[in-house]
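One line per chain: the protein sequences are G and R, in this order.
Going by my numbering, the letters in the first sequence line up with residues 1 to 428, in that order.
Going by my numbering, the letters in the second sequence line up with residues 1 to 523, in that order.
Hints are supplied without guarantee of correctness; some may be wrong.
Computed, partial: chain G to chain R, Cβ under 7 Å [stated by the list, open to error]:
hint : residue
1    : Thr-70
2    : Trp-89
3    : Asp-183
4    : Leu-248
5    : Ser-323
These aren't lab readings, by the way, just hints derived from the structure by calculation.
This one's a predicted model, so the numbers in the text were calculated from it and none came from an experiment.
All residues carry an ideal CB built from backbone N, CA and C; glycine is no exception.
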Amino acid sequence: MNYDTVVIGAGLAGLTAALRLTEQGQRVLVVARGVGATHLSPATLDVLGYVGNTRVESPAQSVASLVASTPDHPYGHVSEAQRGAALAWFVTRAATALGYMGSVEENLLLPTALGVPKPAAFAPRTMAGGDLRAGGRFVFVGFKGFKDFHPTLIAGNVARAGLAAPIAARALELEPPASGRGDLSGRVLAGRFDTEQLGDWLVSALEGRVDPDERIGVPAVLGLRSGDAAWQTLEQRLERTVFEIPTLPPSIPGIRLFNALTSALRAGGARVVLGVRAAGARVEDGRIEAVAVTNATGTVSHPTRSVVLASGGFASGGIELDSFGVTRETVFDLPLAGVPDTDHVHFEPGYFDSQPLARAGVPTDDLLRPVGGGGRPVYPNLHAAGATLGGAVPWKEKSGTGISVITGYAAAEAILRPAPVPMSESAR
Amino acid sequence: MATQNTSMSSLEADVLVIGGGSTGAGVARDAALRGFSTILVERRDLTDGTTGRFHGLLHSGGRYAVKDPSAARECIAENRILRVTAADCVEDTGGMFVSTPWDDPEYGDLFLDGCRATGVPAEEISVAEALHREPRVNPDIRRAFLVPDAALDPWKLVWGCVRSAEEHGARILPYHNVLDLEVDGDRVVGAHVRSEQSGEEFRIRARVVINAAGAWAGQIAKLAGCTVNVRAGMGLMIAMNHRLVHMCVNRCKRPSDGDILLPLRTACVIGTTDVFVPDPDQTEIRQADIDLLLDEGEKLVPGFRQARALHAWAGVRPLFEDKAEVADTRDVTRSHALLDHSSREGIAGFLTITGGKTTTFRLMAEAAVDAACQQLGGPRACRTAEVPLAGSENHAMYRIGHRLAVREPVPQAEEIICECELVTRGRLEETIRQRDTTSLDDIRRLLRLGMGPCQGGFCIYRATGILHEGGHVDSAAANQTLLEFLDERWKGLHPILHGDQLRQARLDDWIFQGILDVEHLPG
Numbered sequence: 001m002n003y004d005t006v007v008i009g010a011g012l013a014g015l016t017a018a019l020r021l022t023e024q025g026q027r028v029l030v031v032a033r034g035v036g037a038t039h040l041s042p043a044t045l046d047v048l049g050y051v052g053n054t055r056v057e058s059p060a061q062s063v064a065s066l067v068a069s070t071p072d073h074p075y076g077h078v079s080e081a082q083r084g085a086a087l088a089w090f091v092t093r094a095a096t097a098l099g100y101m102g103s104v105e106e107n108l109l110l111p112t113a114l115g116v117p118k119p120a121a122f123a124p125r126t127m128a129g130g131d132l133r134a135g136g137r138f139v140f141v142g143f144k145g146f147k148d149f150h151p152t153l154i155a156g157n158v159a160r161a162g163l164a165a166p167i168a169a170r171a172l173e174l175e176p177p178a179s180g181r182g183d184l185s186g187r188v189l190a191g192r193f194d195t196e197q198l199g200d201w202l203v204s205a206l207e208g209r210v211d212p213d214e215r216i217g218v219p220a221v222l223g224l225r226s227g228d229a230a231w232q233t234l235e236q237r238l239e240r241t242v243f244e245i246p247t248l249p250p251s252i253p254g255i256r257l258f259n260a261l262t263s264a265l266r267a268g269g270a271r272v273v274l275g276v277r278a279a280g281a282r283v284e285d286g287r288i289e290a291v292a293v294t295n296a297t298g299t300v301s302h303p304t305r306s307v308v309l310a311s312g313g314f315a316s317g318g319i320e321l322d323s324f325g326v327t328r329e330t331v332f333d334l335p336l337a338g339v340p341d342t343d344h345v346h347f348e349p350g351y352f353d354s355q356p357l358a359r360a361g362v363p364t365d366d367l368l369r370p371v372g373g374g375g376r377p378v379y380p381n382l383h384a385a386g387a388t389l390g391g392a393v394p395w396k397e398k399s400g401t402g403i404s405v406i407t408g409y410a411a412a413e414a415i416l417r418p419a420p421v422p423m424s425e426s427a428r
Numbered sequence: 001m002a003t004q005n006t007s008m009s010s011l012e013a014d015v016l017v018i019g020g021g022s023t024g025a026g027v028a029r030d031a032a033l034r035g036f037s038t039i040l041v042e043r044r045d046l047t048d049g050t051t052g053r054f055h056g057l058l059h060s061g062g063r064y065a066v067k068d069p070s071a072a073r074e075c076i077a078e079n080r081i082l083r084v085t086a087a088d089c090v091e092d093t094g095g096m097f098v099s100t101p102w103d104d105p106e107y108g109d110l111f112l113d114g115c116r117a118t119g120v121p122a123e124e125i126s127v128a129e130a131l132h133r134e135p136r137v138n139p140d141i142r143r144a145f146l147v148p149d150a151a152l153d154p155w156k157l158v159w160g161c162v163r164s165a166e167e168h169g170a171r172i173l174p175y176h177n178v179l180d181l182e183v184d185g186d187r188v189v190g191a192h193v194r195s196e197q198s199g200e201e202f203r204i205r206a207r208v209v210i211n212a213a214g215a216w217a218g219q220i221a222k223l224a225g226c227t228v229n230v231r232a233g234m235g236l237m238i239a240m241n242h243r244l245v246h247m248c249v250n251r252c253k254r255p256s257d258g259d260i261l262l263p264l265r266t267a268c269v270i271g272t273t274d275v276f277v278p279d280p281d282q283t284e285i286r287q288a289d290i291d292l293l294l295d296e297g298e299k300l301v302p303g304f305r306q307a308r309a310l311h312a313w314a315g316v317r318p319l320f321e322d323k324a325e326v327a328d329t330r331d332v333t334r335s336h337a338l339l340d341h342s343s344r345e346g347i348a349g350f351l352t353i354t355g356g357k358t359t360t361f362r363l364m365a366e367a368a369v370d371a372a373c374q375q376l377g378g379p380r381a382c383r384t385a386e387v388p389l390a391g392s393e394n395h396a397m398y399r400i401g402h403r404l405a406v407r408e409p410v411p412q413a414e415e416i417i418c419e420c421e422l423v424t425r426g427r428l429e430e431t432i433r434q435r436d437t438t439s440l441d442d443i444r445r446l447l448r449l450g451m452g453p454c455q456g457g458f459c460i461y462r463a464t465g466i467l468h469e470g471g472h473v474d475s476a477a478a479n480q481t482l483l484e485f486l487d488e489r490w491k492g493l494h495p496i497l498h499g500d501q502l503r504q505a506r507l508d509d510w511i512f513q514g515i516l517d518v519e520h521l522p523g
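Full structure from sequences and hints, please.
Shown next, in the form of structure tokens:
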């Protein structure tokens with residue numbers, strides 16, 4: 001079958017690009033080695049949380065100055081208008097099931113599973129109630145037997161977070177009805193919210209123990225199969241603000257996001273194939289004519305007009321470093337930027353030091369096409385998105401999901417409406 | 001050197017042992033078993049010096065059979081004893097010496113002669129048989145020999161000694177730094193120590209002080225005005241994910257760099273290098289040494305460079321030299337040295353035991369306590385060759401799969417906090433309580449928490465939460481120990497970070513910085 005676009009990678013960037021293209025009428029194939037970083041991600045839309053050690057209050061303003069000072073940042077290849085359009089489209093059209101709340105004008109501050117106020121522009125409605133900016137009273141509720149959530153430590157740190165508005169925080173640990181499993185994972189708990197009405201137990205267990213003005217923080221395990229229905233029911237019945245706090249992978253909100261996006265893709269007629277590996281391209285006249293995809297039985301060549309590479313960075317195996325200190329992009333062997341100019345990469349001795357390779361990735365032009373020497377596109381019909389791109393340290397900046405959504409959308413737009421003049425040249 | 005100061009609080013003992021590695025722990029146990037009141041002080045955590053950083057080989061003696069016969073004889077004798085008395089710390093992997101294409105096959109004849117002369121059981125087997133036993137080993141090996149090498153868990157060994165010593169009345173004081181030795185005339189009468197945890201300073205009065213500070217023994221001896229020339233020979237090791245070999249595989253040649261690969265629990269360890277360092281506390285890992293070990297590993301096990309390296313670390317061997325400068329540390333004998341400072345410098349009540357190796361720690365302890373007996377009123381019989389260590393009473397050797405076997409019948413009975421090393425919540429909580437420690441790194445040494453492939457990515461958040469919930473630390477101290485663990489872990493990760501382990505490290509970056517945001521924890 002001939003595709004309009006083959007998307008490599010099923011993380012947030014790949015799924016965003018694929019869904020935008022599908023929605024606009026393209027015939028799309030998504031191939032990936034497995035699920036992507038959605039399953040690790042808290043599913044907040046982190047556009048920009050930190051510049052250096054300074055917390056960002058307005059992502060819109062700070063991204064503008066970041067792009068001005070760091071033009072190689074992935075956001076530097078996307079116009080301000082398109083950045084806004086990408087987020088708006090994602091929140092209102094693509095991931096509506098999660099009910100994103102927030103704004104690119106100001107960051108929410110949501111407690112992490114260590115009780116650190118973490119900035120995010122948008123959050124699923126199940127989490128947005130945890131916004132700490134206005135202060136107030138909080139109860140953090142853990143479930144006995146669930147090792148991935150520690151409410152007393154969260155409460156201890158939230159109470160000392162040093163925000164302007166005063167915060168009171170306390171912890172409660174509740175023991176869920178016995179299940180015969182002493183080792184609960186987030187997925188098991190989410191399944192029990194889906195099937196055993198663990199919500200009924202939680203409502204009765206909290207009865208009379210939470211004041212009307214206290215907000216209730218729980219681990220992000222409130223059901224999976226029916227999205228956030230369990231959370232909605234809980235809020236209504238408790239008549240309190242209830243919010244989820246994401247914790248160690250696998251991330252239940254992240255899986256909800258993955259499910260929402262892949263359902264929309266399949267409903268729109270796209271094909272999503274996991275468990276396969278993109279293994280290069282057939283190139284004619286300098287253009288990619290087909291993508292080779294290896295599955296358990298052999299290699300299939302999928303003819304296509306365009307390709308989006310969203311195979312991720314080092315965490316996903318999209319980029320690798322070998323034992324000789326040599327770095328490589330693993331699908332097309334594309335040129336990389338941000339790699340130290342030495343014969344062997346050496347990391348710095350302190351964990352929090354600025355590390356080499358942190359910004360390593362595929363450099364692109366303003367149509368997000370990977371470029372080689374002289375800044376020319378390697379292939380005119382290959383675009384890159386997400387953690388494949390260099391120039392950012394998303395886990396420090398708190399910009400990972402923002403970069404994925406914005407560049408995934410922008411890569412799709414570049415395929416749909418290749419601009420006659422690249423944006424930033426006209427803007428500069 | 002200090003004279004007596006009466007204003008400080010003090011403890012008293014027959015024997016004060018300085019150093020909490022295998023030698024010191026062995027001395028403390030031996031002395032306690034002989035009925036002496038005993039105190040051991042260690043400046044950091046037990047095993048933190050050399051013992052916890054060695055490769056983990058319980059020598060058969062084969063390695064020394066050609067060039068250091070006396071060391072070989074000691075090794076095989078101690079090997080036989082420890083298999084019984086420290087059974088729980090030993091995994092009977094067996095050992096194999098192989099001649100790779102880079103080694104002279106005729107060295108095998110010297111090797112067999114040396115083993116025969118020193119009593120080390122060695123048997124040549126066919127290359128086909130060797131490859132059947134070790135399918136990953138280089139198929140181009142030309143000769144192979146079996147010896148009774150084994151894997152030794154250094155943490156279990158020291159803790160077994162310590163628990164056994166405590167059962168016989170000894171006091172074990174980790175995180176107690178010796179500030180000075182007290183000398184009264186021509187006699188060492190005790191030490192002035194400081195608790196690194198409480199800051200409290202006090203005196204320990206002892207009839208005999210035994211300096212078992214290993215590579216740091218020279219620094220301790222100097223406090224009494226004595227001279228001990230012990231040099232630090234730094235050795236690098238790399239832990240690889242999975243057991244690439246079943247047995248301790250050695251190159252059959254004169255001992256050199258990167259010629260041992262041995263299975264240790266769920267990983268395997270390649271070692272080692274040997275470089276003099278002026279300060280045993282300064283052990284910088286060089287890229288050239290990493291590459292050397294990876295290249296040597298490739299000779300033993302083709303594909304080694306594509307395997308997943310988990311962690312790198314350096315340990316310092318105490319190399320005793322009494323006379324002239326020695327150019328190559330491998331030419332210094334691996335036999336131990338017992339120094340009686342009364343005959344050397346006229347200072348009584350003070351012994352130094354250094355050199356040697358972990359395999360012969362028990363013998364070193366025996367020699368030291370025998371000498372101490374002479375100053376404590378006459379000989380008392382040593383019992384450590386017969387009495388099993390705490391935990392080894394049933395003489396059952398450690399077996400890989402033990403932890404899994406315990407969990408498997410009831411896999412869902414309890415939370416597993418560290419999936420890599422199968423550490424349950426119960427064991428973690430019990431260890432925190434027993435050890436009375438707030439350091440995740442101390443707990444790591446006891447439980448192997450965070451030592452598996454994810455290097456603490458999942459368990460350290462959990463362990464921090466549990467430490468805090470139990471009321472052992474407030475949230476500020478919990479944050480502190482979490483951050484310290486991450487920084488300490490990175491020291492062993494960054495020198496070997498590549499391939500799948502870099503991928504894992506990046507996932508851990510996402511967990512700690514992206515999801516939990518540890519960088520902005522309140523202090």
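Hint by hint, here is what the structure shows:
Contact between G:Thr-70 and chain R, as hinted, is not supported at the beta carbon level, the nearest pair being about 19 Å apart and thus beyond 7 Å. A distance limit of 7 Å between C-beta atoms decides the matter here; for G:Trp-89 the minimum to chain R is near 24 Å, and the interface restraint is violated. For G:Asp-183, the interface hint holds, the least distance from its beta-carbon to any beta-carbon of chain R being 5 Å, beneath 7 Å. Annotation: interface hint on G:Leu-248 holds; nearest CB of chain R at approximately 6 Å, less than 7 Å.
With its C-beta approaching chain R no nearer than about 4 Å, G:Ser-323 sits inside the 7 Å limit, and its interface hint holds.
Hints 1, 2 from the list above are not met by this structure, while the remaining hints are.
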